[in-house]
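Trainee: Spelled out from the first residue to the last, the chains are:
Protein chains: 2
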Amino acid sequence: MENRIYNFNPGPAMQPLEVLQEAQAEFLNFAKSGMSIIEISHRSKQYEQVHNQAKADIKELMGLGDDYEVLFCQGGASMQFTMIPQNFAVDGKVGNYVLSGSFATKAYDEAKLLNRGFVAASSKDRDFKHIPTQDEIKLSDNAAYLHLCYNNTIYGTEYHYIPETGDVPLIADMSSDMLSRPLDFSKFSLIYAGAQKNLGPAGVVVVVARKSFLENSPKEVPTMLRYDTYLKKNSLYNTPPAFGIYMVGKVVAWIKANGGLEAMAKKNAAKAKLVYDAIDNSDGFYVGHADKDSRSFMNVTFRLPSEELEAKFAKEALEHGLGGVKGHRSVGGMRTSIYNAMPMEGCQALVDFMEKFRKANK
Amino acid sequence: MENRIYNFNPGPAMQPLEVLQEAQAEFLNFAKSGMSIIEISHRSKQYEQVHNQAKADIKELMGLGDDYEVLFCQGGASMQFTMIPQNFAVDGKVGNYVLSGSFATKAYDEAKLLNRGFVAASSKDRDFKHIPTQDEIKLSDNAAYLHLCYNNTIYGTEYHYIPETGDVPLIADMSSDMLSRPLDFSKFSLIYAGAQKNLGPAGVVVVVARKSFLENSPKEVPTMLRYDTYLKKNSLYNTPPAFGIYMVGKVVAWIKANGGLEAMAKKNAAKAKLVYDAIDNSDGFYVGHADKDSRSFMNVTFRLPSEELEAKFAKEALEHGLGGVKGHRSVGGMRTSIYNAMPMEGCQALVDFMEKFRKANK
Ligand SMILES: Cc1ncc(COP(=O)(O)O)c(C=O)c1O
Ligand SMILES: Cc1ncc(COP(=O)(O)O)c(C=O)c1O
Ligand SMILES: [Mg+2]
Ligand SMILES: [Mg+2]
Ligand SMILES: [Mg+2]
Ligand SMILES: [Mg+2]
Numbered sequence: 001m002e003n004r005i006y007n008f009n010p011g012p013a014m015q016p017l018e019v020l021q022e023a024q025a026e027f028l029n030f031a032k033s034g035m036s037i038i039e040i041s042h043r044s045k046q047y048e049q050v051h052n053q054a055k056a057d058i059k060e061l062m063g064l065g066d067d068y069e070v071l072f073c074q075g076g077a078s079m080q081f082t083m084i085p086q087n088f089a090v091d092g093k094v095g096n097y098v099l100s101g102s103f104a105t106k107a108y109d110e111a112k113l114l115n116r117g118f119v120a121a122s123s124k125d126r127d128f129k130h131i132p133t134q135d136e137i138k139l140s141d142n143a144a145y146l147h148l149c150y151n152n153t154i155y156g157t158e159y160h161y162i163p164e165t166g167d168v169p170l171i172a173d174m175s176s177d178m179l180s181r182p183l184d185f186s187k188f189s190l191i192y193a194g195a196q197k198n199l200g201p202a203g204v205v206v207v208v209a210r211k212s213f214l215e216n217s218p219k220e221v222p223t224m225l226r227y228d229t230y231l232k233k234n235s236l237y238n239t240p241p242a243f244g245i246y247m248v249g250k251v252v253a254w255i256k257a258n259g260g261l262e263a264m265a266k267k268n269a270a271k272a273k274l275v276y277d278a279i280d281n282s283d284g285f286y287v288g289h290a291d292k293d294s295r296s297f298m299n300v301t302f303r304l305p306s307e308e309l310e311a312k313f314a315k316e317a318l319e320h321g322l323g324g325v326k327g328h329r330s331v332g333g334m335r336t337s338i339y340n341a342m343p344m345e346g347c348q349a350l351v352d353f354m355e356k357f358r359k360a361n362k
Numbered sequence: 001m002e003n004r005i006y007n008f009n010p011g012p013a014m015q016p017l018e019v020l021q022e023a024q025a026e027f028l029n030f031a032k033s034g035m036s037i038i039e040i041s042h043r044s045k046q047y048e049q050v051h052n053q054a055k056a057d058i059k060e061l062m063g064l065g066d067d068y069e070v071l072f073c074q075g076g077a078s079m080q081f082t083m084i085p086q087n088f089a090v091d092g093k094v095g096n097y098v099l100s101g102s103f104a105t106k107a108y109d110e111a112k113l114l115n116r117g118f119v120a121a122s123s124k125d126r127d128f129k130h131i132p133t134q135d136e137i138k139l140s141d142n143a144a145y146l147h148l149c150y151n152n153t154i155y156g157t158e159y160h161y162i163p164e165t166g167d168v169p170l171i172a173d174m175s176s177d178m179l180s181r182p183l184d185f186s187k188f189s190l191i192y193a194g195a196q197k198n199l200g201p202a203g204v205v206v207v208v209a210r211k212s213f214l215e216n217s218p219k220e221v222p223t224m225l226r227y228d229t230y231l232k233k234n235s236l237y238n239t240p241p242a243f244g245i246y247m248v249g250k251v252v253a254w255i256k257a258n259g260g261l262e263a264m265a266k267k268n269a270a271k272a273k274l275v276y277d278a279i280d281n282s283d284g285f286y287v288g289h290a291d292k293d294s295r296s297f298m299n300v301t302f303r304l305p306s307e308e309l310e311a312k313f314a315k316e317a318l319e320h321g322l323g324g325v326k327g328h329r330s331v332g333g334m335r336t337s338i339y340n341a342m343p344m345e346g347c348q349a350l351v352d353f354m355e356k357f358r359k360a361n362k
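Protein sequence lines correspond, in order, to chains A and B.
All residue numbers for the first sequence refer to the UniProt record's numbering, where the first residue is 1 and numbers rise by one.
All residue numbers for the second sequence refer to the UniProt record's numbering, where the first residue is 1 and numbers rise by one.
Since the hints were derived computationally from the structure, they do not count as laboratory data.
Among these hints, one or two may not hold up.
Not everything, but these chain B residues come out facing chain A in the computed CB check (under 10 angstroms) [said to hold, decoys possible]:
#1 Ala-13
#2 Leu-28
#3 Asn-29
#4 Thr-105
#5 Lys-106
#6 Gly-117
#7 Val-119
#8 Ser-122
#9 Arg-126
#10 Gln-196
#11 Pro-240
#12 Ala-263
#13 Ala-341
#14 Met-344
What follows is a list of derived Cβ distance ranges for each label pair [unchecked claim]:
#15 Gly-332(B) to Glu-345(A): 54 to 60 angstroms
#16 Ser-186(A) to Gly-92(B): 44 to 50 angstroms
#17 Ile-137(A) to Lys-187(B): 52 to 58 angstroms
#18 Asn-115(B) to Asp-127(A): 42 to 48 angstroms
#19 Glu-220(B) to Leu-236(A): 26 to 32 angstroms
#20 Arg-329(B) to Asp-135(A): 29 to 35 angstroms
#21 Arg-329(B) to Leu-17(A): 49 to 55 angstroms
#22 Glu-316(B) to Asp-67(A): 41 to 47 angstroms
#23 Gly-284(B) to Pro-218(A): 20 to 26 angstroms
The C-beta atom is built at its ideal place from N, Cα and C for all residues, glycine as well.
Produce the entire structure from the sequences given, and follow the hints as far as they go.
Mentor: As structure tokens, this is what we get:
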């Protein structure tokens with residue numbers, strides 16, 4: 001179809017073909033408005049419908065009620081890294097962080113810059129191969145929140161439990177596993193995700209948070225960095241990234257139409273099993289980076305016997321219509337990202353290629 | 001064509017039809033990558049080409065050389081309102097502001113929140129009907145910069161001169177007149193524009209600035225709010241709003257192909273004359289908001305004899321295929337935005353309707 005490839009990029013990432021086709025078909029004339037979605041006023045009824053439906057669908061998929069709100073922000077997940085301590089690590093309280101990978105560390109660094117960061121646990125000394133366990137997490141006195149990076153896109157690790165924090169609010173960066181499976185989301189005070197993996201294009205961040213948690217931004221925080229600006233104005237204080245929100249709306253509608261988070265979880269588990277089995281059954285040709293109990297369902301990281309073979313693997317994979325398999329420079333090797341939009345057939349094509357490549361190069 | 005209307009919205013705004021058609025045609029498979037532009041890695045060669053070409057074309061159109069850099073930021077022009085004082089109103093210096101409308105005032109408010117703002121001139125007492133003259137502008141001691149809103153989208157006024165500031169750097173919000181005409185851009189240290197008017201979709205801000213001005217962000221400024229982050233990393237520190245940048249690239253290529261800023265200026269002046277003449281020759285039925293010497297070439301604001309007639313005008317205009325003509329609530333009446341993408345025919349259709357409406361309702 002249109003010579004499209006299976007796209008294993010970590011983000012921006014593969015999107016459902018049906019979603020792309022829909023957006024393409026109505027690109028010159030959205031909702032009979034006579035305008036493109038990129039040309040229509042963000043104060044129009046047609047746009048508001050898109051905006052509010054996307055919010056409602058996200059909450060419905062996550063099983064959250066009226067005490068939660070969905071916000072749309074800009075600046076990428078990276079902008080959240082500073083918004084979080086500015087809004088919440090206040091009144092002498094300290095942001096607590098689990099360092100489980102690069103983005104987790106970058107989030108901590110922004111709190112540290114404000115002198116409001118504390119490391120509650122870290123797996124850095126073991127090359128971020130595992131997710132710290134409940135026992136490893138030690139909160140500080142006066143903890144404002146505990147911040148987790150729920151899925152570590154670069155290292156290919158993912159939480160398989162929700163840490164207990166007592167009264168301390170839990171915040172999670174779910175940029176790379178948002179809406180990939182059901183979870184008791186009500187245990188979190190705030191969840192955020194850059195859209196460019198499981199949710200749509202780059203340029204919009206989806207924030208899902210308990211309303212009461214968002215209400216009291218300190219008065220010295222600039223308007224665009226205050227969560228209460230977005231809360232009070234339905235994320236329409238200024239011009240929102242309308243095209244991104246529109247695409248997120250289409251992606252969440254697609255998730256709903258395809259069985260919701262239970263169905264995503266089932267499919268994602270089957271896809272991940274296929275790829276991890278190919279690694280585990282390769283007689284040591286492929287070596288996974290993550291500890292088995294911390295493996296990500298979204299980003300599968302592995303090494304080959306040499307860097308030469310890794311380069312060859314990436315090159316030949318692309319010739320087989322499998323794109324974006326090169327790993328991040330800080331881990332090396334390969335990373336195959338298999339978000340919601342990656343079909344089972346894509347993973348099958350990948351493991352077929354892996355097996356063929358192994359036989360030819362072992 | 002596809003039942004599109006003439007779209008007079010202030011932003012998001014009308015885009016060139018050819019640009020929309022091109023983007024639509026390649027939406028499923030960009031540059032033979034087998035991926036959509038929204039799915040492709042921001043570290044790929046194909047994306048980098050788009051990113052760097054857009055930058056080069058913007059500088060070429062503006063007649064700027066190697067001492068200037070183009071940055072792509074997020075958060076809308078509103079995020080610049082806080083980035084500017086955080087980066088530049090430092091070492092005890094004070095940001096100076098001309099209050100010429102609502103966005104000019106919002107920019108000032110963010111500096112004031114940091115206790116670093118000074119009002120160098122204001123036209124508030126005259127309902128923002130005019131642009132303060134050189135004589136009205138009084139800089140403070142220790143001025144870090146003078147900030148102007150070059151075109152006031154809501155009030156329909158525009159600078160027709162560049163203020164002299166001696167050694168004090170000049171900063172301009174050109175969100176609503178960026179690339180609408182040539183200017184000696186080298187007189188400005190920093191120019192910024194939310195893309196959603198003359199440049200493309202909402203979700204990307206184009207910043208054009210003198211490199212030496214951008215190099216010294218104070219160390220306490222968060223990573224995503226530092227101009228030097230964008231400067232050092234070619235605006236690729238984190239995932240950029242790739243689709244927005246791609247569309248900006250297409251729009252600037254369209255401007256180049258259509259004669260550059262000289263040709264835009266000529267067409268925009270002719271369009272504006274058509275609409276202002278319809279106001280001025282209406283025997284007082286239509287009354288312009290802006291003083292004649294401060295009139296904007298981009299946003300034409302005017303009132304009708306009553307609010308009832310104004311509501312009727314907007315409704316009947318839409319029936320004539322003319323959308324988005326309602327004014328902002330703070331001015332009332334009508335506002336017709338006639339950015340680069342609005343063809344002469346759109347303005348002709350507007351003034352034909354204005355004349356017909358006047359005759360029927362005078
Ligand atoms: C888990 C995680 N957090 C944060 C980020 C940074 O996101 P952005 O590029 O949107 O700032 C990424 C990007 O890949 C990520 O994977
Ligand atoms: C001149 C001007 N400055 C700033 C803004 C605010 O832009 P944004 O909505 O991108 O924050 C606008 C928006 O209409 C504008 O017209
Ligand atoms: Mg990581
Ligand atoms: Mg606006
Ligand atoms: Mg204004
Ligand atoms: Mg990224």
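Trainee: Decide, hint by hint, whether the structure agrees.
Mentor: We went through each hint and held it up to the structure:
| no. | hint | in the structure |
| --- | --- | --- |
| 1 | Ala-13 | holds, 6 angstroms |
| 2 | Leu-28 | holds, 5 angstroms |
| 3 | Asn-29 | holds, 5 angstroms |
| 4 | Thr-105 | violated, 12 angstroms |
| 5 | Lys-106 | holds, 8 angstroms |
| 6 | Gly-117 | violated, 12 angstroms |
| 7 | Val-119 | violated, 18 angstroms |
| 8 | Ser-122 | violated, 20 angstroms |
| 9 | Arg-126 | violated, 26 angstroms |
| 10 | Gln-196 | holds, 6 angstroms |
| 11 | Pro-240 | holds, 7 angstroms |
| 12 | Ala-263 | violated, 22 angstroms |
| 13 | Ala-341 | holds, 9 angstroms |
| 14 | Met-344 | violated, 19 angstroms |
| 15 | Gly-332(B) to Glu-345(A): 54 to 60 angstroms | holds, 58 angstroms |
| 16 | Ser-186(A) to Gly-92(B): 44 to 50 angstroms | holds, 48 angstroms |
| 17 | Ile-137(A) to Lys-187(B): 52 to 58 angstroms | holds, 55 angstroms |
| 18 | Asn-115(B) to Asp-127(A): 42 to 48 angstroms | holds, 45 angstroms |
| 19 | Glu-220(B) to Leu-236(A): 26 to 32 angstroms | holds, 31 angstroms |
| 20 | Arg-329(B) to Asp-135(A): 29 to 35 angstroms | violated, 57 angstroms |
| 21 | Arg-329(B) to Leu-17(A): 49 to 55 angstroms | violated, 42 angstroms |
| 22 | Glu-316(B) to Asp-67(A): 41 to 47 angstroms | holds, 45 angstroms |
| 23 | Gly-284(B) to Pro-218(A): 20 to 26 angstroms | violated, 51 angstroms |
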